[in-house]
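Make the full structure from the sequences, and use the hints.
Residue numbers (our numbering), protein chains in the order written: chain A, 73 to 195; chain B, 368 to 822.
Because the hints were derived from the structure by calculation, they are not lab data.
The structure displayed is predicted, hence computed values, not measured ones.
Virtual Cβ for every residue (Gly too), placed ideally from N, Cα, C.
Check before you lean on any hint, since a few could be wrong.
[Stated by the list, open to error] Computed footprint of chain B on chain A, listed as stretches where at least three residues anywhere in the stretch have a Cβ under 8 angstroms from a Cβ of chain B:
1. 75-85
2. 96-102
3. 116-126
4. 143-150
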Amino acid sequence: MAETMSLIAGRSSKQGTSLCAGKLEPEYCEVTSTVEMNVNDMARLGLKDGDRVRLRTEVGEAVVHCKGRDAADLPLGVLFIAYGPPSSQLMGSDTAGTGMPLSKNFEVIVEPVTGQSIGEEAR
Amino acid sequence: MSENIRTVENATCTFCGCVCDDMILTVDLDEKRITRAKNACVLGRAWFSEHKHEERPYALIRGKEASTAEAVEEAAQILAKARFPVTYGLSDTTCEAQRQALAIADLIGSNLDTTTSVCHGPSGIAFEGIGESTMTLGEVKNRADLVIFWGGNPAASHPRLFTRYAVTPKGMYVPNGKKDRTVVLVDVRRTPSVPVADIFIQVKPRSDFEVLWALRALVKGRRVSPSIEQRTGVALATLEDLVNRMKSCQYGVLLFGMGLTMTRGRHFNSGALLALATDLNEYTHFVAKPVRGHGNVTGADNIVSWQTGFPFGVNFSRGYPRFNPGEFTTVDLLSRGEVDAALIIASDPASNFPRAAVEHLRKIPVIVLDPNPTETTQLAHVAFTTATYGINVPGTVYRMDDVPITLRPAFESPYPSDEDVLTAIKNRLRELRLARGGAYGAGATQKVAAPLPSD
Ligand code: SF4
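Right, dumping it as structure tokens:
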């Protein structure tokens with residue numbers, strides 16, 4: 073089952089601290105490979121914390137872990153991910169003459185994944 | 368811990384645009400590491416404590432160890448041969464290094480762009496159209512009784528913005544700190560910053576412009592339809608209440624983040640917010656300021672602006688600076704496959720840029736200066752290991768409110784500074800230019816041989 077949702081890429085505290093430890097280190101990779109999702113959306117898609125989902129746009133895809141957020145914190149249909157290589161894979165390069173690609177509130181297709189590890193999928 | 372301990376007072380954290388200059392660092396000089404960073408927030412503590420003296424090569428050329436001098440020669444040859452290079456990054460280095468990077472761009476006629484183009488570049492575009500009712504953070508601390516955060520999450524990105532300047536500190540005209548201030552937070556999601564706010568306004572994604580424009584209309588006494596709630600998720604009564612607070616405060620401030628610039632509307636969103644601040648000055652004192660991310664991204668804007676007249680996205684191909692976001696900005700230059708070499712300073716576009724841009728980076732010679740290994744250093748043709756600004760390197764950085772701050776480093780690094788490497792590349796490029804009769808690149812005959820810049 074695939075659904076279209078709106079992805080926000082942004083800063084998180086853990087992303088900031090793990091960035092200091094090294095952008096090629098496992099903690100940073102883990103933090104930037106976790107997408108937050110409204111718990112009701114997760115329930116509808118049959119997902120629980122730590123399950124893998126594939127995020128897809130016209131330009132690329134990334135497989136990440138999902139983590140539930142309270143319905144009051146993250147609206148239905150909205151996803152949050154800490155900036156990093158997986159979110160960059162999904163961004164289009166059109167800047168509409170500004171220099172800035174859209175990296176917040178852009179549409180992604182979300183589907184649960186079973187099987188492969190994150191490393192294999194995200195390449 | 369060794370006996371050889373040094374304390375550095377009033378050191379500066381350069382992790383975020385707050386560039387807090389009240390750090391008290393305890394430095395173990397034998398182990399070359401910072402064991403304590405008093406006054407730092409969680410991000411600042413990680414910034415200092417994770418900085419370790421590592422045995423990394425001085426430079427890598429195509430993955431092989433090289434000396435800094437060999438890498439300088441290689442970098443200069445690449446840049447001298449390139450027809451349409453780009454110099455990019457610069458937000459995590461000193462103003463002194465930024466100045467050298469700019470001199471190189473001017474000398475070789477390259478594109479010059481900074482990470483501003485992918486953070487508050489749209490706000491830079493909006494400043495040109497609307498202007499900026501500006502301030503320093505000291506004014507906010509001493510005067511602001513209404514603080515509105517819009518599209519940002521300082522709890523995660525700039526933790527001490529709350530405690531040092533905008534929410535809790537006691538100031539001259541707000542002697543009771545938070546009790547004398549009303550704090551409003553506007554965002555599309557309930558972030559860790561929300562508990563700080565007295566009022567949280569949750570807007571629907573992609574509706575910031577509509578909310579800001581409705582606020583402008585209400586400030587001017589125009590009628591706004593209650594249907595605004597269906598479009599934006601915000602009730603008309605909430606907007607009216609906010610307008611009353613904005614008009615009746617003594618000193619209001621809008622601190623806005625990339626929630627406005629990275630989403631639909633981009634510079635229109637920033638422009639609407641800046642126009643709202645301007646409108647409010649009919650009634651009271653109101654200011655607006657982008658909250659800047661990297662430690663010296665504001666310095667990059669200042670240096671590039673005062674030397675070229677433009678803040679980012681500058682091109683020197685014709686021997687004089689031209690500004691055109693969308694044409695001379697790095698994501699566009701790379702995604703269209705236009706540039707044939709890249710000089711990247713203190714930035715990691717291979718990790719942050721869209722896929723098409725990164726694919727082009729893999730095809731061209733990339734020169735990168737960075738203290739740490741990143742995705743970009745991994746794909747680079749020439750990678751310099753440089754010393755970290757603020758921790759090892761002295762110099763100047765600009766706080767997000769355009770206030771210059773002097774760095775007090777903790778200990779020396781075995782690696783050269785960005786400024787040293789860039790100066791060496793610039794000097795070598797000058798020699799090569801003289802040897803070639805005044806121009807660079809395979810297309811040298813098409814290029815205007817501009818006089819050598821004096822610096
Ligand atoms: S707020 Fe920013 S500059 Fe200040 S200590 Fe924290 S990370 Fe460093």
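Do the hints match the structure? See the list:
Counting residues of the region 75-85 of chain A whose beta carbon lies closer than 8 angstroms to any beta carbon of chain B gives 7, which reaches the threshold of three, so the coverage claim holds. Evaluation of the coverage hint for the region 96-102 of chain A: breached, as 1 residues show C-beta separations to chain B shorter than 8 angstroms, against a requirement of three. Counting residues of the region 116-126 of chain A whose CB lies closer than 8 angstroms to any CB of chain B gives 0, so the stated coverage by that chain is violated, three being the minimum. For the region 143-150 of chain A, the stated coverage by chain B is satisfied: 5 residues place a CB nearer than 8 angstroms to a CB of that chain, which reaches the threshold of 3.
This entry does not satisfy hints 2 and 3, going by the numbered hints stated previously.
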